[in-house]
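Using the sequences and the accompanying hints, generate a full structural model.
So the sequences go chain by chain: A and B.
Residue numbers 1 to 497, in the working numbering, belong to the letters of the first sequence in order.
Residue numbers 1 to 464, in the working numbering, belong to the letters of the second sequence in order.
In case anyone wonders, no lab produced these hints; they're calculated from the structure.
None of the values given here were measured: they were computed from a predicted structure.
Using N, Cα and C, we set each Cβ at its ideal position, and we do this for glycine too.
Where hints are given, some of them may not hold.
[Unchecked claim] Stretch by stretch, here's where chain A covers chain B in the computed footprint (C-beta under 8 Å, at least three residues):
(1) 63-73
(2) 257-264
[To be verified] Cross-link-like lysine-lysine pairs, in silico, DSS-like; alpha carbons within 25 Å at most:
(3) B:448 x B:326
(4) B:270 x B:55
(5) B:59 x A:376
(6) B:55 x A:376
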Amino acid sequence: MTASDLPALNIAELRDLLGRREVSPRAVLEALQSRIAEIDPQIDAYLSIDFDAALEEAARADVTLPLGGVPIAIKDIISVAGQPCTCASKILRNYRAPYDATVVRKLKAAGAIPFGKTNMDEFAMGSSTENSSVKPTRNPWDISRVSGGSSGGSAAAVAADAAFGALGTDTGGSIRQPASLSGVVGFKPSYGRVSRFGLVAFASSFDQAGPLTKTVSDAALLMNAMAGHDPLDSTCLNEAVPDYTANLGRDLRGIRLGLAQEYMIAGVDPKVRAAVDAAVAHFESLGAEIVAVSLPHTEYAVATYYILATAEASANLARFDGVRYGHRAENTRNLFEHYGRTREEGFGPEVKRRIILGTYVLSSGYYEAYYARAQKVRELVRQDFARAFEQVDALVSPTSPVPAFPLGERSVDPLQMYLADIFTIAANLAGICGISLPCGFAQTEDGAQLPIGLQLLGAALDEARILQIAHAYEQSTDWHKKRPPLVANVQRPTRKE
Amino acid sequence: MFCGCRVEFGAAPNSHTCPTCLGLPGALPVMNHEALRLTVLTGLMLGCDIAPLSKFDRKSYFYPDMPKNYQISQYDLPLCANGSVPLHDLAYPKDAQKKIATPEKEVPLVRIHLEEDVAKSFHLENNTAIDFNRAGTPLMEIVSQPEINSPEEAFAFLTALKQILIYGAVSDADMEKGQLRCDCNISVRPAAQQELGAKIEIKNMNSISAVRRALTYEVERQTEALARGEKLEQETRGWDDGAGKTFLMRTKESAHDYRYFAEPDLVPVKTESLLEEVRARLPELPRAKRARFVEQYGVSVYDAAVLAHDLALAAFFEAAAKGARKPKSVANWILNDLQSALAGAGRAIGDCPISPAALDELVNLIESGKISGKQAKEVFSEMFASGKSAAAIVSEKGIEQLNDPTEIETLCEQVIAANPKPVADFRGGNSASLNFLKGQVLKLSKGKANPALVGEILERQLKT
Ligand SMILES: [Zn+2]
Numbered sequence: 001m002t003a004s005d006l007p008a009l010n011i012a013e014l015r016d017l018l019g020r021r022e023v024s025p026r027a028v029l030e031a032l033q034s035r036i037a038e039i040d041p042q043i044d045a046y047l048s049i050d051f052d053a054a055l056e057e058a059a060r061a062d063v064t065l066p067l068g069g070v071p072i073a074i075k076d077i078i079s080v081a082g083q084p085c086t087c088a089s090k091i092l093r094n095y096r097a098p099y100d101a102t103v104v105r106k107l108k109a110a111g112a113i114p115f116g117k118t119n120m121d122e123f124a125m126g127s128s129t130e131n132s133s134v135k136p137t138r139n140p141w142d143i144s145r146v147s148g149g150s151s152g153g154s155a156a157a158v159a160a161d162a163a164f165g166a167l168g169t170d171t172g173g174s175i176r177q178p179a180s181l182s183g184v185v186g187f188k189p190s191y192g193r194v195s196r197f198g199l200v201a202f203a204s205s206f207d208q209a210g211p212l213t214k215t216v217s218d219a220a221l222l223m224n225a226m227a228g229h230d231p232l233d234s235t236c237l238n239e240a241v242p243d244y245t246a247n248l249g250r251d252l253r254g255i256r257l258g259l260a261q262e263y264m265i266a267g268v269d270p271k272v273r274a275a276v277d278a279a280v281a282h283f284e285s286l287g288a289e290i291v292a293v294s295l296p297h298t299e300y301a302v303a304t305y306y307i308l309a310t311a312e313a314s315a316n317l318a319r320f321d322g323v324r325y326g327h328r329a330e331n332t333r334n335l336f337e338h339y340g341r342t343r344e345e346g347f348g349p350e351v352k353r354r355i356i357l358g359t360y361v362l363s364s365g366y367y368e369a370y371y372a373r374a375q376k377v378r379e380l381v382r383q384d385f386a387r388a389f390e391q392v393d394a395l396v397s398p399t400s401p402v403p404a405f406p407l408g409e410r411s412v413d414p415l416q417m418y419l420a421d422i423f424t425i426a427a428n429l430a431g432i433c434g435i436s437l438p439c440g441f442a443q444t445e446d447g448a449q450l451p452i453g454l455q456l457l458g459a460a461l462d463e464a465r466i467l468q469i470a471h472a473y474e475q476s477t478d479w480h481k482k483r484p485p486l487v488a489n490v491q492r493p494t495r496k497e
Numbered sequence: 001m002f003c004g005c006r007v008e009f010g011a012a013p014n015s016h017t018c019p020t021c022l023g024l025p026g027a028l029p030v031m032n033h034e035a036l037r038l039t040v041l042t043g044l045m046l047g048c049d050i051a052p053l054s055k056f057d058r059k060s061y062f063y064p065d066m067p068k069n070y071q072i073s074q075y076d077l078p079l080c081a082n083g084s085v086p087l088h089d090l091a092y093p094k095d096a097q098k099k100i101a102t103p104e105k106e107v108p109l110v111r112i113h114l115e116e117d118v119a120k121s122f123h124l125e126n127n128t129a130i131d132f133n134r135a136g137t138p139l140m141e142i143v144s145q146p147e148i149n150s151p152e153e154a155f156a157f158l159t160a161l162k163q164i165l166i167y168g169a170v171s172d173a174d175m176e177k178g179q180l181r182c183d184c185n186i187s188v189r190p191a192a193q194q195e196l197g198a199k200i201e202i203k204n205m206n207s208i209s210a211v212r213r214a215l216t217y218e219v220e221r222q223t224e225a226l227a228r229g230e231k232l233e234q235e236t237r238g239w240d241d242g243a244g245k246t247f248l249m250r251t252k253e254s255a256h257d258y259r260y261f262a263e264p265d266l267v268p269v270k271t272e273s274l275l276e277e278v279r280a281r282l283p284e285l286p287r288a289k290r291a292r293f294v295e296q297y298g299v300s301v302y303d304a305a306v307l308a309h310d311l312a313l314a315a316f317f318e319a320a321a322k323g324a325r326k327p328k329s330v331a332n333w334i335l336n337d338l339q340s341a342l343a344g345a346g347r348a349i350g351d352c353p354i355s356p357a358a359l360d361e362l363v364n365l366i367e368s369g370k371i372s373g374k375q376a377k378e379v380f381s382e383m384f385a386s387g388k389s390a391a392a393i394v395s396e397k398g399i400e401q402l403n404d405p406t407e408i409e410t411l412c413e414q415v416i417a418a419n420p421k422p423v424a425d426f427r428g429g430n431s432a433s434l435n436f437l438k439g440q441v442l443k444l445s446k447g448k449a450n451p452a453l454v455g456e457i458l459e460r461q462l463k464t
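See below:
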């Protein structure tokens, strides 16, 4: 194996080499560094990279640890001490986190090396990474298309072998959807499974950090390090963490998979539909039983989510006021103008739209009609899933109704973008876990192959089973072995978007 | 409230801060269980209903002293509801204790909730500095019903409340240190009018007496305004203690829409297990202590009130009175000689050079006739100055009382022989002469003779 082959490895393969000391953590980092230098200018997955600090950590790395010497990319909404944490927003352009998020601390304790921060939709608000105030991230399978979002940088980096694995956050699908569009595995843990301490909050009762990886077993490896109680996060559950790799390799006999009739909606791309149908048939051939279930409140999920998540966001983002850190407007004459101009200049249009929406639904006179009602619907959605999981082990659906779309195509119509979250969003309302993994490709008119993602949703804290089912599918198909057609050091053609 | 930072009065600005209380991106609040327990304890002491399930809410508004621009507070499910603060005579200002309109009044409460404090702003010449040390420290808000009818009652309410908070070791409740703060809503109305007048809030009072002054000023200002035919509007005013005036801060038009919603970073609190822990910490309350002092130690109602008014004084009294033959005398010594000596020396009871046991010993020396009351005063001064025990001083100075009847007989004989005129007067029916003669005997004994014994022997000798 030559150095240039290293970046194509997954974490498990890399760990084998590191554990046997066939390759040093430093050599791994250097190989990754050159891969990023070759590829990232085409996809713009990264916002910042600190190789010097990473090399120092590599020198100290203990390769006997579960993730010893494995570089991990971190979405720029998760705090890594000493590194920028901008949330791809102008308002935090010069902010560096003074402390480690608990997930980062845990990854470091397991030997991982967080070396760089990935691009995202500003404050995780968006589904295409076009809402980054810095640059959009491009899909490694077709750089004229989006990589999904909001964790688009993490998904693209992993897809392009510019990261062995990455952390993202999922508030309404922000791990699963970009994983689907970029052809990688994206795992959203149940709410409370992973600490939120150090994640810049978008919607506190929805946010969860999770891994984006090349394989299901890599996701399980990262989950082993990330999951578990944290006294610094009151909503983080004090429940024992199983070994997520333990069930991998078990067959699917006796597993019941649910198909929700409410997910058979118009607007799903026929190629996506066909790929998911084929996946369902494949599951049957692996011994799983397919069961029709109903999630009757699905049609309200998107509206409910956009009321509750924006309400929480309107308060969470209030702290960005230029008083203590971050962007501060110059030459303001009074406090009111200071707040107004700082936030006017610092936030992008989608963030402003959601702050205004969230402020509105909490305002006196509207609270009952919007926020209070949405809370009730959220409970109904939760009950939908609870009933479904009495009958089945997991629910199967597309992750996204469409494959990766061209840059600029949807950013003009926010409502269309919101509706595309239909399959992912309910899981965040209900606090359950879910995964997206590759299940096929859709060929475009100009010949590009766009990945299609299969979503499996599981009951709260049933991560181990979802990983087992996903792993069985993955290991009996070849989708995860496909690599995007990126060629090193190619200048990105300039095109107007 | 929601982080592990220390609270210290007078610490260097921004020295006790962390990502949570600075509201840094990604930081989360963590519940302070001791603050929950103390709030529930306060609720129990004030007879409140404790909510079985309580939750926290975000209260949103922009201000530089709020690191997150929302405050974690409690909106619709506060920890405590109802209850009351019992007023008592000594809680009123000294000059108002003689004319209390409604003795033994109980001021009903609306609720008690817990929230995080905001930072402290310092307005400098050209800008504002903010000290975040205080940001995020637990703050318990106690809201009374609008049933306080005078500035003196407001004074008594705060004094009585403060006393209970000290009894429960909830807080030292020192207004000057900001441990107790008070915003007052005050309205006036014509005597015949049923509904309350416009609610005017006053802030920035730094002591309980400042609250009284501010309210007195406001009652006058509002009454005059109404008399002039002006219409009062709901507003917030500040108190300028130096000028002795209130000033307008903001009117109702600038009132906030706080957009309360449930704090998603904290889980709701079930109080069942808290209640069990807290019940064990429930102290004897001032009212019960006053009654018990009267009952158990036979002190007067007034003395019991004075002793119980100060928890440290009450504890000192109990320690001294427990083994005393006459607890009432112990109370007298504490309330008279000890308190004035402490005041003279500028010392607090906690810093008293005489221990309760030492005071008890002194009182026993008097009660058993070892020393006279007059001698005791001398011994007390010496005890207070030197910290020595009464017995040690008595033996050192030889100020033991002369109780030997034979010696006293001799002294009396000498005085009778030397004072034929008063003796004749007494025998002629002027009983006042006895006191003169008694004084002469005591003088002759250099103050050592037992006065009771002297009187007895003199009378007997004169009558024979
Ligand atoms: Zn703190």
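Violated constraints from the hint list, given by number and in increasing order:
The structure conflicts with no hint, since it agrees with every one listed earlier.
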